[in-house]
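Chemist: Take a look at the letters that make up each chain.
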Amino acid sequence: MVTKLPKVPVVVVGMGWAGGIVSAELTKAGINVVGLERGKDRSTADYTMGHDELRYQHRQELMQDLSKETITYRNTVSGKALPMRHYGTFIVGDGVGGAGSHWNGQTYRFLPYDFEIRSKTIERYGIEKIPAWMEGLNDWGITYDEMEPYYDTFEKMAGISGETVELWGKRTNPYPTPPLVKTPLMKEFEKAATSLGYKPFVIPAANLSESYTNPDGISRGACQYCAYCENFGCEYGAKGDPAVTVIPVAKQTGKLDLRTHSNVLELTKSGGKASGVIYVDMLTGEKFEQPADVVVVASYVFNNSRLLLNSGIGTPYDPKTGKGTIGKNYCYQVTAGGSQLFFEDREFNLYGGAGALGMEIAEYMGDNFDHSKVDFIHGAGIRSTQYGDRPIAVNRVPAGTPNWGAEFKEKSIKYANSNFPVKTQGASLPHKENYLDLDPEFKDEFGYPLLRMTYEYTDNDRAMGKYMSAITRKFAEEIGADIIDTNEEQGPFNVNKDSNTHNTGGVIMGTDPEKSALNTYLQMWEAENVFVLGASAFPHNSSFNPTGTLGALSYRAAEGIQKYLKEGGLLVKA
Amino acid sequence: MSEQEKKESVLDKRSSRRTFIKNSGLTVGGVVLGGALGSLLIKDDKSTTHNTVTQNHAKTPAANPNVALMFFTPSQYQVTQAAVDRIFPEDANGPGAKELNAAIYIDHQLAGPWGSNVKDYRLGAFYKAEENQGPQTKILRKDLFLAGLDSLNTYSNKQFKVDFKELEATQQDEVLLAFSEGKVELYGKVSSSQFFNLLRTLTIEGVYADPMYGGNNEMLGWSMRKYPGSRMQYVAEIQDEKFIELEPQSLNSHMGH
Ligand SMILES: Cc1cc2nc3c(=O)[nH]c(=O)nc-3n(C[C@H](O)[C@H](O)[C@H](O)COP(=O)(O)OP(=O)(O)OC[C@H]3O[C@@H](n4cnc5c(N)ncnc54)[C@H](O)[C@@H]3O)c2cc1C
Ligand code: SF4
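Sequence order for the protein chains is E and C. Numbers 1 to 574, taken from the numbering used here, label the letters of the first sequence in order. Numbers 575 to 831, taken from the numbering used here, label the letters of the second sequence in order.
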């Protein structure tokens, strides 16, 4: 039995950054919002025992419960996808704050090149530079200059600490707070970068460098470099987290009806639009129908595609014909190239750190260097970070050391405080056979098909990884480590081992309804009262962590929704 | 930096840490590093080569109440002790996984929800997987571990005519290597390397997880690698060019007692 509830203006599915931002903006404007979140409510009080590596990092306390739903995965269109049964690569958020509670806080803007990637690549190198399999590579339909005010708003809300980087797009304002401190490890990177002729910068961070009050009046204290950041919630509230910023703001308006343990199963439809959602109370199993004028889907990349596909909203993407849009241009992040440095007689205070603490260079990002003689486009950030090395997770040993036994113990202890990597974080561009659809066999606990991911690294990724790893090697040699292990190869994707949750695409934005699911307000071309928010809207992934850009786009979507509630219709002409 | 200087800087930092913690309304717990490390290193294990749980218990009657079994039989516990001690052996750095109570940690983990895979996806059919699709076996961690322990003994008896725990260290290493390479028949279609990976993961966790979980006895896992445990902040330390060694603190120190 499904209980039908009274209609509301807006229902938001998911209370992470995307759902939180849109809820804050709409409720501040006086609009009533129902927020449905499958997990529990959370605040800093939940993290009193937060420095527990086992519970949070290795038992995934804050992440989605895979016994209820997961994704299935295969490398190629002809393979059989199997479920990700245990946690490995992707650690998906759950509960108020979503992954924004346990993220690192590295907060970037994408490059001007990213937003016009197709035109700019063709302009500089000709159409031949884009291989046939990368046909899905497109301009986003919005320029960096148009995005700038939304980035500015997101950065001010979250209080991003950073320094202006010349090789990125122009800023109207400096970062709201100064960069984080430089540690001896970061100074090693800085020195090497400078002598190699680059301009290193401190990574922009949502870990506050000093106490800060944002334009909504939310005050937060400075980061303590406690090192329990990535995978953990911040007991100080120093990390920008929806649960300490936008969600309390939305709650204060009295206009947010936040319903936790409310898992949305599907969107309901009527006449080419959505009419609301059906959700289940995860504690009691009761089902409800919540009608609404506008449905905001902000349930992370995976469920954004899955909910639309399970509801029959939008046309599913078909890799054979290239037609359809839902599930298209799934991209990831390319990070295999890198060098590991070991020191015989230097110790760093590696037990301390913060999720976004590190230094990087921008010279090899986007089109900041000439690609005419290389067989890839876009690029990577070269970086060294200090997150704080926790002892279960981090046991780096020189190549060739066994991973157990006497030698492992000796080396892992010897180098515990005497190592660090120079890493790469590279862009991921669309391949026509990398996509998301519904699994034909595996279901969630309620009987709805799981999302199926078909994904493999591309030639572009492998060539870029190799090129970038050589640069990390130069850094390592310049720093002068005693042992340097360099990895050049981007091996096959492994759902158990690859290590980040930077998933993008599936419900992408653009200017052409044949090629994209959304316009630049993240409004669906095929269902004008559905707005789909998150990194799912990115037509490709840049060499950056996604959240700064998805946050900025969420502010733009909030603007669009207000306009839509007044005027109706598509906000952009196709 | 000389030892003396190092100690002084530790003391300096420690007092500033105390001030901070006092200000934030939390109290400090923790042990004196030298003393605790010393006592465990001195405790020779010769008398317990063929020990039983009861002997151990009799030896240290006032010991840690956490050291009791909620899952293993005493003999399963002993095989586990022997195995973890080869994964992470005693050496000049300090105690091995056995002394650190990693086998107690494993017992407690397998008894709990994680041992029964409650947060894993277990619906649908279990097919043979490609290497990059992650394990697809239905067996629960607790059952996998017990099958692995059985198999360690069966294999040791086949190769050397004695149980695993009676083998010389080098022979134990040989056995574990064969397991890690998936060369041993375990149980049905389950590979011995799957058991080995579980054993290896659990051993490292038992050495380094917070002592409230039963392992990392007296935080000696942490002190060996100069890891300060779960302190509240490192604002000064991370900017310091010198390495600053801090005595470890466990989550117990956050209890405000
Ligand atoms: C360990 C880690 C570190 C990271 N570090 C960084 C970083 O440094 N920089 C960066 O930019 N990004 C980082 N990310 C990524 C970042 O966390 C995400 O990009 C961001 O939080 C996504 O926000 P979102 O609102 O789109 O989704 P989420 O935060 O995932 O929120 C979606 C919410 O929807 C809920 N939900 C899902 N399905 C349903 C349903 N059917 N019904 C109801 N509710 C539902 C979920 O429970 C969740 O709360 C990191 C991620 C992880 C896991
Ligand atoms: S490192 Fe800083 S921002 Fe991260 S959890 Fe600790 S105090 Fe919070």
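Hints may contain errors.
Output of the computed footprint for chain E on chain C, the stretches with three or more beta carbons under 8 Å from beta carbons of chain E [said to hold, decoys possible]:
hint, region
1, 641–647
2, 650–659
3, 700–714
4, 731–740
5, 752–764
6, 768–779
Not everything, but these chain C residues come out facing chain E in the computed CB check (under 10 Å) [unchecked claim]:
hint, residue
7, 717
8, 721
9, 743
10, 745
11, 787
It should be emphasised that the hints constitute simulated quantities derived from the structure, not laboratory data. All residues carry an ideal CB built from backbone N, CA and C; glycine is no exception.
Chemist: Count the residues of the region 752–764 of chain C whose CB lies closer than 8 Å to any CB of chain E, then report whether that count reaches three.
Modeler: Per the Cβ count (1), the hint is violated.
Chemist: Holds or violated: is there a CB of chain E closer than 10 Å to the CB of residue 745 of chain C?
Modeler: violated, 13 Å
Chemist: Would you say the region 768–779 of chain C counts as covered by chain E, given the rule of at least 3 residues with C-beta under 8 Å?
Modeler: holds (count 4)
Chemist: So is the region 731–740 of chain C in contact with chain E by the C-beta rule, three or more residues under 8 Å, or is the coverage claim wrong?
Modeler: The restraint on the region 731–740 of chain C is violated, since only 0 of its residues have a Cβ under 8 Å from chain E and three are required.
Chemist: Counting residues of the region 700–714 of chain C whose CB is closer than 8 Å to a CB in chain E, do you get three or more?
Modeler: holds (count 9)
Chemist: With a C-beta cutoff of 8 Å, work out whether three or more residues of the region 650–659 of chain C approach chain E closely enough for the coverage to hold.
Modeler: violated (count 0)
Chemist: Go through the hint on residue 721 of chain C and say holds or violated, using the shortest Cβ distance to chain E against 10 Å.
Modeler: violated, 18 Å
Chemist: Taking the closest Cβ pair, is residue 743 of chain C under 10 Å from chain E?
Modeler: holds, 9 Å
Chemist: Have a go at the residue 787 of chain C hint: is there a Cβ in chain E nearer than 10 Å to its own Cβ?
Modeler: holds, 6 Å
Chemist: For the region 641–647 of chain C, do at least 3 residues have a Cβ located nearer than 8 Å to some Cβ of chain E?
Modeler: With 0 residues closer than 8 Å to chain E, the region 641–647 of chain C misses the three-residue bar; violated.
Chemist: Going by Cβ atoms only, is residue 717 of chain C closer than 10 Å to chain E?
Modeler: With a minimum Cβ separation of about 15 Å from chain E (threshold 10 Å), the hint on residue 717 of chain C is violated.
Hints 1, 2, 4, 5, 7, 8 and 10 from the earlier list are contradicted by this structure; the remaining hints agree with it.
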